[in-house]
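Put together the whole structure using the sequences plus the hints.
Protein chains: 2
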Amino acid sequence: MNIESMLANKIQKVDKLLKNYLTPNSEYEEKIYEAMKYSIFAGGKRIRPILMIEAYNVLNNYEKAVEPFAVAIEMIHTYSLIHDDLPAMDDDDYRRGKLTNHKVYGDGIAILAGDALLNLAFEIMIEGSLQNDMKLGLQAMKILGERSGVHGMIGGQVIDLLSENREISIETVTYIHEHKTAALIHAAVEVGVLLAGGTKEQLEKMKKFGYYLGMAFQIQDDILDKIGKQEILGKSIDSDEKNKKATYVSFYGLEKSKEQVILLSKKAFECLNYFGESADFLKQLTKYLMDRNY
Amino acid sequence: MNIESMLANKIQKVDKLLKNYLTPNSEYEEKIYEAMKYSIFAGGKRIRPILMIEAYNVLNNYEKAVEPFAVAIEMIHTYSLIHDDLPAMDDDDYRRGKLTNHKVYGDGIAILAGDALLNLAFEIMIEGSLQNDMKLGLQAMKILGERSGVHGMIGGQVIDLLSENREISIETVTYIHEHKTAALIHAAVEVGVLLAGGTKEQLEKMKKFGYYLGMAFQIQDDILDKIGKQEILGKSIDSDEKNKKATYVSFYGLEKSKEQVILLSKKAFECLNYFGESADFLKQLTKYLMDRNY
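First to last, the sequence lines map onto chains A and B.
In case it helps, this note's numbering puts the first sequence at residues 1 to 294.
In case it helps, this note's numbering puts the second sequence at residues 1 to 294.
Hints are computed from structural coordinates only; laboratory data are not their basis.
Keep in mind it's a predicted model, so treat the numbers as computed, not measured.
Any given hint could turn out to be false.
Because identical chains share one entry, a pair is satisfied inside a single copy or across any pair of copies.
DMTMM-like, lysine to aspartate or glutamate: derived pairs with alpha carbons at most 25 Å apart [said to hold, decoys possible]:
no.: 1; residue 1: Lys-31; residue 2: Glu-178
no.: 2; residue 1: Lys-45; residue 2: Glu-146
no.: 3; residue 1: Lys-103; residue 2: Asp-91
no.: 4; residue 1: Lys-142; residue 2: Glu-63
no.: 5; residue 1: Lys-258; residue 2: Glu-167
no.: 6; residue 1: Lys-31; residue 2: Asp-107
no.: 7; residue 1: Lys-208; residue 2: Glu-127
no.: 8; residue 1: Lys-200; residue 2: Asp-133
no.: 9; residue 1: Lys-31; residue 2: Asp-91
no.: 10; residue 1: Lys-64; residue 2: Glu-146
no.: 11; residue 1: Lys-142; residue 2: Glu-30
no.: 12; residue 1: Lys-283; residue 2: Glu-34
no.: 13; residue 1: Lys-135; residue 2: Glu-63
no.: 14; residue 1: Lys-142; residue 2: Glu-127
no.: 15; residue 1: Lys-208; residue 2: Glu-29
no.: 16; residue 1: Lys-142; residue 2: Glu-29
no.: 17; residue 1: Lys-37; residue 2: Asp-92
no.: 18; residue 1: Lys-258; residue 2: Asp-15
no.: 19; residue 1: Lys-98; residue 2: Asp-221
no.: 20; residue 1: Lys-142; residue 2: Glu-27
no.: 21; residue 1: Lys-142; residue 2: Glu-34
no.: 22; residue 1: Lys-103; residue 2: Asp-92
no.: 23; residue 1: Lys-37; residue 2: Glu-164
no.: 24; residue 1: Lys-98; residue 2: Asp-15
no.: 25; residue 1: Lys-98; residue 2: Asp-291
no.: 26; residue 1: Lys-31; residue 2: Glu-171
As structure tokens, this is what we get:
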């Protein structure tokens, strides 16, 4: 089976998990669940939950204990997209070729759907921790909480927002990439290894892998934003330029940015070598993500 | 010491706790922490953390284990106010006589400050749970998570938003009150009793107390919104009427609403009788909250 078929299978499994956690309790909850599901099922590639589950699989056979956390990280990622797309932030009408949440449900419901997904992510992790190893669960939640909050993803988004239409340094661009994108990606693999009972050294190796992968992923995004076609990317081309955002590409140009993606991917691969053959799928996935044109 | 001085003391203690948890890690985090602190220290009465700590004190001597949860509930309450005040929601320029968060920092930062406070609330509870009894911590987080999420506060806010400019039933008004306001208030006292090692029966009694208090509190709010003066309430008078919101008062009129507040307070008192003298402060607080004119 090639990587694309394998991924399609894994995406389907994650979608099924997500569906289990998104059922309204009463008529009053129907509209907000509709809005939450609209963005959850808007064609996400499920990179973070798949990374988490596959990092788990590197050390251990699949167990249900990882599922609540895989669901939670995708909910956190999705809420951040809903809020990012709002007129008060990036003001995007389309994402992955579909209308953004607020274009369909209005800004108020979009804000609340985002809030609800973030809150629900923690509810699901709490329940998962109560059902399984409480200490591991809490430690996993701690990682995800830190990486998604003001010291992680939200912190990156704040600086991204404050940097619009301003001259910023390459250090600031790096801060944004590290926090807005890489933080949640290395959280994914860290949590996978942690829940699988990984050692401190394994955790450290996997965290580094996630960091390099996350940075490469974001620079690749900047490159695609510059050269990508709207029908492929599903969002307005060059939306970074529209919002006058400094990116890695605007600092270093396309060629040097592509070199950087290759360099970071190589470092990511080196981290995976530590795990031997059991990391083969993660290697294929890394290659696939770096070669993507969408 | 009268109730007002006692409360002033307790508010000061909660403020000090909150301050400990609101220090930026780097220059990049300064702006978002400024926005978070602006709303956290905008004159909140700290009712929820005080209720939690006092419910704890009914059963047990004060211990630090309750502090992270008291801080977290105030952060959750504050984030909900920041998001509620946004133009996409209630569109309020003032709260407690001060400009609302988005009027000072802009809508984008206000959304992120809210997100950051919700996320931080969970981070703090996770750390608190790791440091103390993990099972009790997770159970407390479960209560708070449920009451603040789509089955609680957010769910209430959704129906509140969807009901603007529409005819709604008294059942729907009750749903909004129960979820938007009462849910977090009974969560406060439940968590207090839970962390103090309370029995199932004690938990049930305290939850009922919180429910009656929360409902009385919200109807009192509706009454004050109708008759209150802007300089006392610190928000535009009759903002419910501005947004064409159905309230308890618009259904039953002022007199019947006042009777209902008295009835609910009486029920709240009856629940507290179960705890004997150790609940004296909660009784005084209940009386004080029901007599308030702000």
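Which numbered hints does this structure break? 12, 18
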